[in-house]
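Asker: Place chains H and G on chain E using the hints.
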Amino acid sequence: MAALSEIPLIGVLFTPGLWFWVGIYAVITLSLNLEAGLTGIPNFGRHLAVIMGAVAGATVPGYLGLLLLPQSYKAEIASVAGLKLQNVTLGLYASDYNSAVATELTKYYTSHPGVSFAVFLATVVAAAVLGALVGAAAAYPAARLREDYLAITLLAAGEAALIIFYNAGFMGGTQGLTVPNALAWLDRVFGFLGPQAHMASSLAIVALLAALVYAYMELLVRSPAGRLLKGVRENDVAAEALGKDTARIRLKTLMMGSAIAAVAGAVFIMWTLGWIATTYNRVSWTFWPWAMMILGGAGNNLGVLVGAFILASARQLITFNKDLLARFVPFDPVWLDPIILGVIIILVLMVRPQGLLPEKTTYPLPRDLLRRLAKKHGAPDEVRPTEKAALD
Amino acid sequence: MASLVLEKVNAGYGRLQILFDVSFQVPDRQITVVVGPNGSGKSTTLKAIFGIANVYSGRIVFDGENIAGQPPHRIAKKGIAYVPQTDNVFAKLTVGENLKMAGYGFPEDQIRDRVEEVLEMFPILRERLGQKAGTLSGGERQMLAIAIALIRRPKLMMFDEPTAALAPKIALEILDIIQRLRDEHGITILLVEQNAKKALEIGDRGVLLVGGRVAFEGGARELLEHPDLGRMYLGLVAEGAKQQH
Amino acid sequence: MLSPVYIENSLLFTNTLVMLAVGLTLTYMTTKVPNFAHGSLAMVGAYALFTLAAVVFGKELASFRIGKPLGLGFAAAFLGGALAGLLEYLLVLRPLGRRGSTPLGLMISTLGVDLILIGVLNIYADILRGMNPVTGTARDWRLKAYVLQKVAGLSLGLWLSFGILVGSLLALYLLLTRTRFGIAMRASIENPALAQVLGVNVDMVNMVSWVLAGGLAGLAGGMMAFAERLNPATGSIEVVAVFAASIVGGLNSLAGAVVGGYVVGLSETILTKLVGDLIGVDLVAYKRAVPLIFIIVTLLVAPEGLMGIEWRRSLSRLARRLTKTGRR
Numbered sequence: 001m002a003a004l005s006e007i008p009l010i011g012v013l014f015t016p017g018l019w020f021w022v023g024i025y026a027v028i029t030l031s032l033n034l035e036a037g038l039t040g041i042p043n044f045g046r047h048l049a050v051i052m053g054a055v056a057g058a059t060v061p062g063y064l065g066l067l068l069l070p071q072s073y074k075a076e077i078a079s080v081a082g083l084k085l086q087n088v089t090l091g092l093y094a095s096d097y098n099s100a101v102a103t104e105l106t107k108y109y110t111s112h113p114g115v116s117f118a119v120f121l122a123t124v125v126a127a128a129v130l131g132a133l134v135g136a137a138a139a140y141p142a143a144r145l146r147e148d149y150l151a152i153t154l155l156a157a158g159e160a161a162l163i164i165f166y167n168a169g170f171m172g173g174t175q176g177l178t179v180p181n182a183l184a185w186l187d188r189v190f191g192f193l194g195p196q197a198h199m200a201s202s203l204a205i206v207a208l209l210a211a212l213v214y215a216y217m218e219l220l221v222r223s224p225a226g227r228l229l230k231g232v233r234e235n236d237v238a239a240e241a242l243g244k245d246t247a248r249i250r251l252k253t254l255m256m257g258s259a260i261a262a263v264a265g266a267v268f269i270m271w272t273l274g275w276i277a278t279t280y281n282r283v284s285w286t287f288w289p290w291a292m293m294i295l296g297g298a299g300n301n302l303g304v305l306v307g308a309f310i311l312a313s314a315r316q317l318i319t320f321n322k323d324l325l326a327r328f329v330p331f332d333p334v335w336l337d338p339i340i341l342g343v344i345i346i347l348v349l350m351v352r353p354q355g356l357l358p359e360k361t362t363y364p365l366p367r368d369l370l371r372r373l374a375k376k377h378g379a380p381d382e383v384r385p386t387e388k389a390a391l392d
Numbered sequence: 393m394a395s396l397v398l399e400k401v402n403a404g405y406g407r408l409q410i411l412f413d414v415s416f417q418v419p420d421r422q423i424t425v426v427v428g429p430n431g432s433g434k435s436t437t438l439k440a441i442f443g444i445a446n447v448y449s450g451r452i453v454f455d456g457e458n459i460a461g462q463p464p465h466r467i468a469k470k471g472i473a474y475v476p477q478t479d480n481v482f483a484k485l486t487v488g489e490n491l492k493m494a495g496y497g498f499p500e501d502q503i504r505d506r507v508e509e510v511l512e513m514f515p516i517l518r519e520r521l522g523q524k525a526g527t528l529s530g531g532e533r534q535m536l537a538i539a540i541a542l543i544r545r546p547k548l549m550m551f552d553e554p555t556a557a558l559a560p561k562i563a564l565e566i567l568d569i570i571q572r573l574r575d576e577h578g579i580t581i582l583l584v585e586q587n588a589k590k591a592l593e594i595g596d597r598g599v600l601l602v603g604g605r606v607a608f609e610g611g612a613r614e615l616l617e618h619p620d621l622g623r624m625y626l627g628l629v630a631e632g633a634k635q636q637h
Numbered sequence: 638m639l640s641p642v643y644i645e646n647s648l649l650f651t652n653t654l655v656m657l658a659v660g661l662t663l664t665y666m667t668t669k670v671p672n673f674a675h676g677s678l679a680m681v682g683a684y685a686l687f688t689l690a691a692v693v694f695g696k697e698l699a700s701f702r703i704g705k706p707l708g709l710g711f712a713a714a715f716l717g718g719a720l721a722g723l724l725e726y727l728l729v730l731r732p733l734g735r736r737g738s739t740p741l742g743l744m745i746s747t748l749g750v751d752l753i754l755i756g757v758l759n760i761y762a763d764i765l766r767g768m769n770p771v772t773g774t775a776r777d778w779r780l781k782a783y784v785l786q787k788v789a790g791l792s793l794g795l796w797l798s799f800g801i802l803v804g805s806l807l808a809l810y811l812l813l814t815r816t817r818f819g820i821a822m823r824a825s826i827e828n829p830a831l832a833q834v835l836g837v838n839v840d841m842v843n844m845v846s847w848v849l850a851g852g853l854a855g856l857a858g859g860m861m862a863f864a865e866r867l868n869p870a871t872g873s874i875e876v877v878a879v880f881a882a883s884i885v886g887g888l889n890s891l892a893g894a895v896v897g898g899y900v901v902g903l904s905e906t907i908l909t910k911l912v913g914d915l916i917g918v919d920l921v922a923y924k925r926a927v928p929l930i931f932i933i934v935t936l937l938v939a940p941e942g943l944m945g946i947e948w949r950r951s952l953s954r955l956a957r958r959l960t961k962t963g964r965r
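Chains as they are written, first to last, in the working numbering: chain E, 1 to 392; chain H, 393 to 637; chain G, 638 to 965.
If we strip away everything but chain E, and leave its shape as in the complex, we get (with noise of 0.2 Å):
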């Protein structure tokens, strides 16, 4: 696996790093499709969610560890910070001494699986229960205002977010802070790799969620639940017509899109085991997953999982071949990251607004069992589909 990775220019594809990249941006922008492909909600505001999957992801293993954290391990925390024992208290996590309480926690959960566990589940649920929230706020704005207008909300409000947990003093402020590992249970099953250990459990924990978010995109686009997304989408009118609530279903889709993305946030930190609030800019989390959605195709899971393919690889390929390019260019290749990046965007809308895989046409059941069944009840010989209009 090591020896791959070696090869030149392309040895980055046989990294693990990239498949991370890959899995992680598969479910944000799965989330997205979710509610801007399928549904029709603008939403440039996705680094909100993944700011408050990253923020439970962040606090969740630190503050709750130091609760349930034995006296044992306390008494070494106070012994490395020059501190009594009574003055280890839950505000020493975003203290100067975070990377030793990290440490210790790790330790600690490292020693005991089953707490690791009980800590990891439960900053999965605060992840997604913190991501429904923000969803439910979103919904508002949603509800009473035109596209472009309720993007730029919907972006302010991840600025918002950005900027406030940026200053906050419980996650570190400016300097940020050191995570506690919340896989330290599944890093010992995969113990037997050593140091690679902890990027294996990663790994496992990130391709699990995107296979059931993708098992859920799936299902749900070819239910009638997901047939009245797109009804929603394409004329909100009709539906409300038709006696449906388009609020509520504005309001489902936006927790259920938060949710998933702040998961994703909370994973990413499972992984880096740190946390720095600039990280979560809207670049990274929002016009990336935008630029991967447009480009593998709205409305289209597979085409989505395409588009975080491409784009994460070639993020990574330039990173990784940052000294070759610097040969055939004459700046710092790190520029072409935002460079491409637009170029990119403007391509695909100019070309091909509908992207790589076009959203399809779902059926409920096998063609050729509905072709039956209506020969059957007495429908006559197949009329042709309309085309779907390709524009955006």
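Please keep in mind that the hints were generated in silico from the structure rather than gathered at the bench. Misleading hints may appear alongside valid ones.
Below 30 Å or equal to it, Euclidean Cα-Cα: the simulated DSS-like pairs (lysine-lysine) are [claimed, not checked]:
# : chain 1 : residue 1 : chain 2 : residue 2
1 : H       : K469      : H       : K492
2 : G       : K669      : E       : K230
3 : G       : K669      : H       : K484
4 : H       : K492      : G       : K669
5 : E       : K84       : E       : K107
6 : G       : K781      : G       : K910
7 : G       : K669      : H       : K524
Keep in mind it's a predicted model, so treat the numbers as computed, not measured.
Answerer: Showing chains H and G alone in chain E's frame:
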């Protein structure tokens, strides 16, 4: 001498074709009425002439020059005026400002004279000079729209369903004004109307468009009294009495 | 309490915000697109000024006096921004508009332009670094000397800032009300189809509005150098505050952009400090969230902005409601 001639015009919007091989003539200083069922391409014909719709092929000859495909602002400068069906005044500007804006591109003193002329023709507008155009009644707004077009002293005026959504009495007033434009000012008129009967009564020439094709071209009275008019209108008679004069 | 230096810096920042909001509103009024790249257009102008002043004239920005380098610098800023704005319209927005893109799609494309500009400006800053004989860097720069020099009690930078702002707004006002082209522009904004029918070349009007807006953004970029340290991405970071200013004033009103700019700018700087001092909490760290709150509140309560509210109607309705409850 024909003022405007359409020769085998194919036109539409983007990839959606509406007009198929449309040919007819709009003789100088006469009222030519274009009628037809909904969706037959009447509005599209005017838009194609004015450069707002896409002309795929064919020629549109005005005063000896092929103007097909030219942008609207250039066509406006050649002496063609277009009075659209809706949004035909600057609602947030006053009547006076609308009239001034109408003279865009002309010298200041000319504009003043023409505004006077136009107010003579539409005395009601003089009373409303300071009022925002959006607050006028339907008939008054239509008059303002016509006045705006008139200020430019066009050679050809095209109207898109000017009497739509107007009370019958006002509709007759408008049609009356259109006749005066032909008689007193010698302007060539191309009139698209849903209200076929009334329009053909004041017209000189008539063109029946069905499904984007010309089903009849001839005298207006002829079309009005044509025995097959009703069936041609509904597309039940394929070629109709397609005559070229 | 507020120190004079803090007030001055707040005004420098706010003037820049007003300038940017006017340009943003102008492009929105003509082409109905909220331009995410507007902040980066300002940076193009800023770096044009930097190139001229620091590199061509080879002087330490902090030391030279008012005169040719600065005047030419701002001229270059205007031209740089104008060119960038024109290119954005011609290469991206106009083609997409002709292909039938939705308003959201156009907005997304401006995000793409913003990203490209950030990348290109960063590359340019790296190139300049080698060429700058004095400081050896093209990042984190500002026009400090002008802020330090005093004229009649206020810093020279503040005088220049106000001068550029007032001069530009006056020129814009005269253009829009006294010239034939300006009136055609206003008619175009109101009813482009009808304006076309009257012979106005609406595409030309759109192009000119983008050139003007880009030029104003370029000047704003230069003005920003009086207020803070500039980097290639500074414009993109500040663009959300510009949106707030335009939205608060009303995206369909240039006067609104001026009003909104002052409301948002002064709230973010002076009001935050005052309130913070009052309640004893350091709110200044969170000041960048103020424009965001303005956006959310405005769009939910009065989406047409301050200029879009029909004050007479709303106030009389409010008065009626109050007297009704009073009677009960």
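Asker: Work down the list of hints and note, for each, if the structure agrees.
Answerer: Status of each hint after checking the structure:
Restraint check for H/K469 and H/K492: satisfied, since their Cα atoms lie roughly 17 Å apart, inside the 30 Å limit. Only pairs whose Cα atoms come within 30 Å are accepted, and G/K669 paired with E/K230 is accepted, the gap being roughly 26 Å. For the proposed pair G/K669 and H/K484, the alpha carbon gap of about 18 Å is at most 30 Å, so the pair holds. With a C-alpha separation of about 26 Å, the suggested pair H/K492 and G/K669 falls inside the 30 Å cut-off, and the hint holds.
Our distance criterion of 30 Å between C-alpha atoms is met by E/K84 and E/K107, whose separation comes to about 21 Å. At roughly 23 Å between alpha-carbon atoms, G/K781 and G/K910 fall within 30 Å of each other, so this suggested pair holds. Between G/K669 and H/K524 the CA atoms are separated by roughly 24 Å; this keeps the pair inside 30 Å, and the hint holds.
Hint compliance for this structure: no hint is broken.
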